[in-house]
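J.: Input sequences plus hints: build the corresponding full structure.
There are 2 protein chains.
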Amino acid sequence: MKTITYQGVEGAFSYLTALKEFGEKNHFRSAQTFKEMFELVRNGEADAAVVPIENSLVGSIYENYDLINQYDMHIIAEHYTKIEHCLLSYPSNEVKSERLKQIKRVLSHPKALEQCSHFFQGHLWMEAVVYMDTAAAAKKIAILKDPSCAAIASAYAGELYGLDILAEKIEDDPRNYTRFVIATQKGSFDYQADKCSLLLQLKHTPGALVEGLKEFSIEGINLTKIESRPLRGSLFEYEFYIDFEFKGRNMREVEQVFNKLHEKVNKLTVLGFYKKGILWTS
Amino acid sequence: MKTITYQGVEGAFSYLTALKEFGEKNHFRSAQTFKEMFELVRNGEADAAVVPIENSLVGSIYENYDLINQYDMHIIAEHYTKIEHCLLSYPSNEVKSERLKQIKRVLSHPKALEQCSHFFQGHLWMEAVVYMDTAAAAKKIAILKDPSCAAIASAYAGELYGLDILAEKIEDDPRNYTRFVIATQKGSFDYQADKCSLLLQLKHTPGALVEGLKEFSIEGINLTKIESRPLRGSLFEYEFYIDFEFKGRNMREVEQVFNKLHEKVNKLTVLGFYKKGILWTS
Numbered sequence: 001m002k003t004i005t006y007q008g009v010e011g012a013f014s015y016l017t018a019l020k021e022f023g024e025k026n027h028f029r030s031a032q033t034f035k036e037m038f039e040l041v042r043n044g045e046a047d048a049a050v051v052p053i054e055n056s057l058v059g060s061i062y063e064n065y066d067l068i069n070q071y072d073m074h075i076i077a078e079h080y081t082k083i084e085h086c087l088l089s090y091p092s093n094e095v096k097s098e099r100l101k102q103i104k105r106v107l108s109h110p111k112a113l114e115q116c117s118h119f120f121q122g123h124l125w126m127e128a129v130v131y132m133d134t135a136a137a138a139k140k141i142a143i144l145k146d147p148s149c150a151a152i153a154s155a156y157a158g159e160l161y162g163l164d165i166l167a168e169k170i171e172d173d174p175r176n177y178t179r180f181v182i183a184t185q186k187g188s189f190d191y192q193a194d195k196c197s198l199l200l201q202l203k204h205t206p207g208a209l210v211e212g213l214k215e216f217s218i219e220g221i222n223l224t225k226i227e228s229r230p231l232r233g234s235l236f237e238y239e240f241y242i243d244f245e246f247k248g249r250n251m252r253e254v255e256q257v258f259n260k261l262h263e264k265v266n267k268l269t270v271l272g273f274y275k276k277g278i279l280w281t282s
Numbered sequence: 001m002k003t004i005t006y007q008g009v010e011g012a013f014s015y016l017t018a019l020k021e022f023g024e025k026n027h028f029r030s031a032q033t034f035k036e037m038f039e040l041v042r043n044g045e046a047d048a049a050v051v052p053i054e055n056s057l058v059g060s061i062y063e064n065y066d067l068i069n070q071y072d073m074h075i076i077a078e079h080y081t082k083i084e085h086c087l088l089s090y091p092s093n094e095v096k097s098e099r100l101k102q103i104k105r106v107l108s109h110p111k112a113l114e115q116c117s118h119f120f121q122g123h124l125w126m127e128a129v130v131y132m133d134t135a136a137a138a139k140k141i142a143i144l145k146d147p148s149c150a151a152i153a154s155a156y157a158g159e160l161y162g163l164d165i166l167a168e169k170i171e172d173d174p175r176n177y178t179r180f181v182i183a184t185q186k187g188s189f190d191y192q193a194d195k196c197s198l199l200l201q202l203k204h205t206p207g208a209l210v211e212g213l214k215e216f217s218i219e220g221i222n223l224t225k226i227e228s229r230p231l232r233g234s235l236f237e238y239e240f241y242i243d244f245e246f247k248g249r250n251m252r253e254v255e256q257v258f259n260k261l262h263e264k265v266n267k268l269t270v271l272g273f274y275k276k277g278i279l280w281t282s
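Taken in sequence, the protein lines are chains G and C. Residue 1 is where the first sequence starts when you use this note's numbering, and the numbers rise one by one after that. Residue 1 is where the second sequence starts when you use this note's numbering, and the numbers rise one by one after that.
Rather than coming from a laboratory, the hints here were simulated on the basis of the structure. As the structure is a prediction and not an experimental result, all values here were calculated from the model. Please note that a few of the clues may not be correct.
[Stated by the list, open to error] Under 8 Å between C-beta atoms, here's a sample of chain C residues computed to sit facing chain G:
hint, residue
1, G59
2, S60
3, H204
4, V210
5, L213
[To be verified] Within a straight-line C-alpha distance of at most 27 Å, the following computed DSSO-like cross-link-like pairs (lysine-lysine) qualify:
hint, chain 1, residue 1, chain 2, residue 2
6, G, K203, C, K111
7, C, K225, G, K203
8, C, K260, C, K214
9, C, K111, G, K140
10, G, K276, C, K225
11, G, K214, C, K267
[What the hints assert, rightly or not] DEER-style ranges, computed between Cβ atoms:
hint, chain 1, residue 1, chain 2, residue 2, range
12, C, N266, G, G122, 33 to 41 Å
13, G, P206, C, I278, 19 to 27 Å
14, C, G220, G, L268, 49 to 57 Å
15, C, G44, G, N26, 53 to 61 Å
16, C, E98, G, S97, 49 to 57 Å
17, C, M251, G, N26, 45 to 53 Å
18, C, K2, G, L268, 30 to 38 Å
19, G, P206, C, N250, 16 to 24 Å
Glycine included, C-beta positions come from ideal geometry on N, C-alpha and C.
T.: Here you go:
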């Protein structure tokens with residue numbers, strides 16, 4: 001049995017991803033902040049952390065890229081979790097249409113409220129109320145037992161806290177998924193890999209990026225992510241997040257690309273080797 | 001006099017940026033949502049919108065990239081605004097150290113609360129309370145007049161709502177700035193440009209990215225941003241946000257790069273030509 005840490009309360013999308021990745025027989029430990037997860041893994045109190053790294057609507061989560069790097073962790077897996085929002089209320093025998101009319105306040109994380117703006121436009125009598133977390137909002141509704149209050153959270157959170165689903169898939173944009181990675185101390189898991197995440201700091205010469213990327217295209221290796229980010233304390237110098245897939249190639253070929261890259265960049269940090277993820281719905 | 005729209009309440013960082021860009025003699029119109037800003041510009045009710053496009057800690061704001069594209073707007077300027085958070089309270093004659101001890105609740109946007117986590121760790125008697133907006137939290141404190149409540153917002157918001165600054169620069173990471181762009185209907189302003197933002201959709205061939213970027217490096221043109229983003233409805237196809245500077249070159253040279261790029265990409269959308277921005281502190 002392994003101890004897996006995730007940020008948030010039970011029923012959060014991070015928790016769901018942890019469950020799907022590791023299965024129920026493991027021990028799941030909640031952390032209040034992202035940083036706390038990394039502390040737990042470093043101290044040996046957890047074997048792995050489930051870390052949201054990017055979302056299709058809001059982009060990369062830089063804080064977690066920084067933490068993986070600072071804590072010298074290694075990515076061993078990735079997972080795409082579909083974010084689907086439901087309107088959840090305390091159970092009652094009344095018909096759903098009547099119950100919808102009674103709802104005055106809807107609690108959720110501000111991002112989730114924002115992502116359901118069309119729903120609120122169609123239900124103008126409901127007020128969106130900001131709450132710290134989607135699953136925490138569901139938990140609160142279970143405690144309040146108030147038919148005039150509801151939460152926006154996952155169907156799973158609704159089930160966990162014994163709530164009814166009054167409306168489902170109420171997000172404006174169905175293209176909403178979060179990419180999670182599993183971060184561990186180096187060498188603590190065995191696994192097969194066909195994808196890699198890198199952090200590159202380039203030399204300050206024109207065309208340095210093209211020169212570096214060429215090493216991948218020469219080998220026919222496909223990049224799946226590239227993102228520039230200003231370096232700390234500097235508006236006009238950058239580091240690059242790069243992901244690539246190397247299915248059908250062995251590690252030696254990848255290492256050869258790295259050897260050539262080393263000559264062309266200031267710094268190359270491997271964040272992890274892992275198996276390419278699939279999309280899961282919650 | 002021009003009408004400039006911004007999202008949020010008076011005193012928000014968007015409002016500050018609008019003031020600094022256009023000066024006090026213009027008319028500033030608040031919008032509740034980003035989308036509302038674009039509607040106002042399209043309908044001719046506003047001449048320009050002040051649009052946050054990326055933040056150094058949270059990354060690109062995809063929603064606004066989408067809106068610029070959907071509403072067929074043009075970027076005519078960019079500005080980097082430093083985000084500095086202050087603890088603000090209703091004025092009183094007591095000494096600051098005593099007033100700090102009395103504070104039980106601190107209202108702000110969840111991102112701002114999160115960005116001041118070290119401050120809360122050093123002031124454990126204060127509870128962070130989620131609010132929709134930093135400047136709106138400051139406004140609320142001015143109405144409450146309660147010495148046990150404070151807000152986290154800009155120094156400017158404190159001044160605007162007549163609050164005292166009890167602590168300043170309380171953010172954990174000083175590398176916190178937001179890049180704003182000014183978006184207008186095409187052809188509605190005259191200006192000088194040395195920077196450009198592009199949206200590229202590549203052909204699905206290996207090395208397509210390197211092939212495209214080569215056209216810039218051949219000309220010695222420096223990219224200042226590159227970011228892949230999954231295309232709507234697809235996990236594994238991407239579009240690219242690209243910014244580049246072309247100081248010392250004329251538009252004809254830039255157009256030649258575009259002509260060559262057109263052959264190599266599926267779609268090239270120019271989001272705007274504008275003058276490279278400077279960093280402003282609030």
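J.: Each of the hints needs a verdict: does it hold here or not?
T.: So, going through the hints one by one against the coordinates:
no.: 1; hint: G59; in the structure: 4 Å, holds
no.: 2; hint: S60; in the structure: 5 Å, holds
no.: 3; hint: H204; in the structure: 10 Å, violated
no.: 4; hint: V210; in the structure: 4 Å, holds
no.: 5; hint: L213; in the structure: 5 Å, holds
no.: 6; hint: G:K203 to C:K111; in the structure: 33 Å, violated
no.: 7; hint: C:K225 to G:K203; in the structure: 15 Å, holds
no.: 8; hint: C:K260 to C:K214; in the structure: 10 Å, holds
no.: 9; hint: C:K111 to G:K140; in the structure: 22 Å, holds
no.: 10; hint: G:K276 to C:K225; in the structure: 26 Å, holds
no.: 11; hint: G:K214 to C:K267; in the structure: 22 Å, holds
no.: 12; hint: C:N266 to G:G122: 33 to 41 Å; in the structure: 36 Å, holds
no.: 13; hint: G:P206 to C:I278: 19 to 27 Å; in the structure: 23 Å, holds
no.: 14; hint: C:G220 to G:L268: 49 to 57 Å; in the structure: 25 Å, violated
no.: 15; hint: C:G44 to G:N26: 53 to 61 Å; in the structure: 59 Å, holds
no.: 16; hint: C:E98 to G:S97: 49 to 57 Å; in the structure: 55 Å, holds
no.: 17; hint: C:M251 to G:N26: 45 to 53 Å; in the structure: 60 Å, violated
no.: 18; hint: C:K2 to G:L268: 30 to 38 Å; in the structure: 48 Å, violated
no.: 19; hint: G:P206 to C:N250: 16 to 24 Å; in the structure: 18 Å, holds
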